[in-house]
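Asker: Generate the whole structure from the sequences, applying the supplied hints.
Next come the chains, spelled out residue by residue.
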Amino acid sequence: MSLYWTALLLSALSGVPGLFTARKGGTVSAAMLTLAAACGLAEAARVLSGGSRWALQLPATPLGAAGALAFDPIAAFFLIPVLVLSACGSIYGIRYWPDHHENARRLRLLLGLLTAFTALLVAAAHMITFLVAWEGMAIVAFFLVITEDREAAARQAGWLYLISTHVGTLCLFGAFALTAGATGTFQFGLLPAGFATSARGSAAFGLFLLSFGLKAGVLPLHYWLPSAHAAAPSHVSSFMSGVLIKTGILGMIRLLSWVPDPPLWWGGTFVALGALSGIMGVALALGQHDLKRLLAYHSIENIGIILLGIGLGTLGRSTGHPAVMALGYGGAMLHVLNHGLFKGLLFLSAGAVAQATGTRNLDQMGGLAKAMPGTARAFLVGAWAICGLPPLNGFVSELFIYLAAFQALPWSRSPWPALALAALALIGALALACFAKAYGIVFLGAPRSPAAAAAAEAPRSMRVPMGILALGCLLIGLAPGLAAPALDRLLQAMTGRPAPPLATLVTLPALTALAGLLLALGLLLRRWAKRGASARDVPTWDCGFDPATPRMQYTASSFADSLVSAMPWALWPQVRWRKLTTLFPWPTRYESHLPDPVLDGVGIPLLERLAHRLERLRFFQAGHLPIYLLYVMVTLFLLLLWTAV
Amino acid sequence: MAEPVLIRSLHILLQVLAVLALSPLIPGLINRVKATLAGRTGPPVLQLYHDLAKLSGKAALFSRTTTGMFLAGPVATVAAVLVASLLVPFGHLPAPIHFQGDAILFIYLFGLARFLTVLAALDTGSSFEGMGSAREVTFAPLAELAIFLGFAALAKASGSASLSDLLASPGLAHARSMAPSCLVLAGWAIVYLAENSRIPVDDPNTHLELTMIHEVMVLDHSGRPLALVLYGASLKLMVLGALILGLVLPRTGRPWLDWGAFGLGQMLLAAGVGVVESVTSRLAMAKVPQFLMVGVLASAFAFLILLV
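Protein chains in written order, with the working numbering: chain A, 3 to 647; chain B, 5 to 312.
Careful: at least some of the hints might be erroneous.
With a Cα cut of at most 27 Å, we get these calculated DSSO-like pairs of lysine-lysine [claimed, not checked]:
#, chain 1, residue 1, chain 2, residue 2
1, B, K291, B, K38
2, B, K58, A, K532
3, B, K38, B, K58
4, B, K62, A, K581
5, A, K581, A, K372
6, A, K532, B, K38
Keep in mind the hints are simulated off the structure, nothing from the lab.
Answerer: Structure (structure tokens):
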């Protein structure tokens with residue numbers, strides 16, 4: 003318990019010393035967050051390896067209500083990515099966002115606070131505690147998104163995020179009120195049997211889904227996510243993408259742990275939302291030119307994969323198939339951790355690339371693997387893992403979810419397992435296309451701009467955190483057996499009864515052995531191929547004409563064009579292009595842009611029309627404080643009158 | 005189940021040897037069938053062995069633009085397909101390595117090979133190879149979907165995710181599963197042609213870079229890396245062929261009969277590819293997704309029939 007408090011306190015205060023020193027503030031904060039991670043991880047490891055869990059009643063929070071914390075395996079598991087990514091991010095931040103950078107002190111202070119609020123949230127066992135941590139986390143994250151507040155794009159992204167997250171919080175208030183009405187307490191705990199199937203329970207589920215879906219970026223509630231994650235500094239994006247959106251998943255897991263009897267349609271809803279998010283997320287990612295926006299859309303895709311696992315697990319639970327439940331939930335939870343590791347890694351390496359080239363536009367990059375070999379290797383590991391390719395960690399968690407779908411196939415006529423299977427296959431193949439594009443266009447070929455040609459490798463303090471995360475990806479991929487017992491305990495805490503151990507459902511040693519064989523064969527063949535005679539100073543084949551120039555290379559847009567234009571029902575790319583007509587053509591331009599179908603396609607036009615209609619109501623928004631106070635008083639008065647009647 | 009260790013190791017040895025040594029025969033057989041149908045003499049059946057021997061003695065060219073990734077493509081293809089070959093049963097059930105989920109690993113190993121081949125192509129900075137890799141990743145999602153829907157149909161009864169179980173199902177011999185098996189076979193045959201870059205999807209013999217898919221991605225490889233590319237392509241023919249044959253092969257349990265049937269099956273499959281290549285022409289690039297969609301729909305219908 004004291005270790006957890008130490009971690010919490012250290013991370014909350016990690017930015018404070020930096021406020022009073024002119025230099026070295028970043029190092030101090032990184033040291034404190036690393037220490038916090040060491041403490042917190044030790045505590046998490048203790049609980050996940052079977053140690054006793056603890057709970058704590060806070061007698062009275064400043065709000066005048068009781069609060070509670072419980073450090074169970076669920077909290078312990080979700081704490082791992084929180085602390086790992088904040089420690090890695092802060093080490094990375096020392097050189098990425100040094101003291102003389104804009105708002106560097108504010109950034110460090112807020113990153114520490116964000117870590118602390120998130121760490122508090124994972125252990126919250128009371129609705130008030132949860133809401134306080136939830137709201138604190140949201141507001142701190144808002145200020146982090148607008149770190150570069152001189153840029154209009156960052157401010158806009160920040161506002162969009164702030165509004166969305168508060169809509170979500172509002173739904174959470176409603177959902178908590180409904181569940182507290184059923185149990186009579188604000189403590190987290192089992193809901194009465196039958197509540198989930200009642201109309202009230204369905205309403206609560208809908209509100210929870212809205213709130214947690216907004217936080218997690220589930221399509222179509224994802225619209226705030228790409229711009230917020232692209233605008234934030236890269237180590238903050240890595241935390242937001244790797245951890246913050248997972249708190250929505252944490253909420254869903256907590257909800258499922260309170261419900262003894264989730265109805266069948268809950269599982270189906272999760273699978274349907276997962277398939278939608280997964281496929282649309284990766285499809286939208288394919289058309290992006292901005293490296294960080296591309297990664298942000300992939301977070302939506304991975305949330306989709308996690309939801310597919312949760313959905314299959316819930317279906318297995320509702321129909322009494324413990325193996326499907328264990329594989330679905332286990333895969334989803336492992337993917338939460340895995341996505342934290344590889345998405346964090348990808349955002350950190352993308353930040354290094356953006357810093358070295360001064361742009362986030364893919365079509366301005368190229369050939370960076372030569373100038374930045376360390377960063378290139380890190381990005382490659384992340385790309386390899388996120389595509390779910392063996393032998394890295396992404397494959398293991400996707401394998402669990404696949405197996406859940408396979409095992410669920412024989413029952414009944416339910417379409418969900420087959421849908422999950424098809425969605426996973428499609429997501430996997432499209433993600434591969436997208437990351438082949440991202441890695442290939444950024445790091446391979448010849449530089450497409452002078453900035454890319456002049457890029458230099460990131461400093462070591464930025465590469466070390468990438469290396470740590472890459473090692474994590476490799477470790478879970480090669481030895482998934484290590485994670486299995488922790489997942490078993492997590493599942494037991496979640497469902498309240500012992501699930502079949504994952505190690506008996508999947509032959510994990512076979513994966514390790516085959517990964518070893520693959521690596522050995524690869525190294526052997528590579529050695530053989532390298533041994534032969536070779537000539538190295540030759541140009542790429544140019545058909546015997548003039549040497550090829552970098553401008554002739556395929557660009558990110560041309561690489562993705564055939565896939566993007568194959569999905570006109572989902573993606574509406576905007577292309578501006580003046581066709582060449584005359585025999586002696588003038589120079590022309592080609593521009594393509596992929597707007598977000600939810601935000602730019604539906605949301606903004608609809609809201610603009612609505613705002614126009616509601617203009618008459620502006621009368622009430624006079625902008626004077628006394629008038630607002632009057633409104634509050636009148637509302638309170640009316641409520642009192644209502645309760646009195 | 006209780007199979008003597010010695011017999012089992014002999015089967016494994018036979019399978020490994022078949023993959024390693026006999027794969028380069030298949031392209032030779034295909035070419036021989038094509039030549040015969042066209043009335044040409046054609047290259048000898050063992051031509052690929054000569055080519056591999058010659059290429060491994062030749063100097064390899066590495067363009068200035070390339071990095072280590074250039075070599076990773078061919079190397080990973082051979083390594084990944086070799087590992088995948090251990091997961092699929094050849095002439096004997098079960099496969100040398102079998103566990104729940106090996107079907108998924110099998111497909112993802114092919115995914116790994118594709119990922120690194122595409123990256124090796126982009127490594128050269130050539131627009132041709134960019135074009136080829138863009139096409140490759142465009143068509144692959146449909147092929148993968150067809151395979152997985154086929155798995156879903158085969159696993160509908162058992163819920164198993166192991167190739168050794170999926171391909172051991174009674175399949176064509178059983179009245180109820182006959183129609184779905186035929187549909188899966190049709191779907192996978194299309195994938196087989198596409199993944200092995202054969203006509204009507206791709207032409208392994210074309211010499212116009214603009215029209216190629218797979219061959220254009222390996223345009224810059226030479227010497228030993230090119231030998232690996234050619235060898236990898238023949239391995240793919242063998243291993244994916246084994247996947248398709250698993251659907252139709254009768255499993256008698258008598259080793260000589262089963263292995264004989266497998267060998268004959270591979271030869272017939274090669275002959276079939278040769279015939280298809282002789283009588284059809286290449287599809288226009290825009291038509292290829294439609295062709296693959298037929299494969300997806302065939303597998304999807306197989307699953308739907310089983311739902312009823």
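Asker: Assess, step by step, whether the Cα of K532 (chain A) is no farther than 27 Å from the Cα of K38 (chain B), and give holds or violated.
Answerer: violated, 35 Å
Asker: Hint check: K38 (chain B) vs K58 (chain B), CA-CA at most 27 Å. Holds or violated?
Answerer: holds, 24 Å
Asker: Between K581 (chain A) and K372 (chain A), is the straight-line Cα distance small enough, at 27 Å or below?
Answerer: violated, 37 Å
Asker: Keeping to a limit of 27 Å between CA atoms, is the pair of K58 (chain B) and K532 (chain A) held or broken?
Answerer: holds, 16 Å
Asker: Mind checking the alpha carbons of K291 (chain B) and K38 (chain B) for me, to see if they're no more than 27 Å apart?
Answerer: holds, 24 Å
Asker: Within a Cα-Cα threshold of 27 Å, do K62 (chain B) and K581 (chain A) meet the stated pairing?
Answerer: violated, 47 Å
Violated hints for the displayed structure, listed by number in ascending order: 4, 5 and 6.
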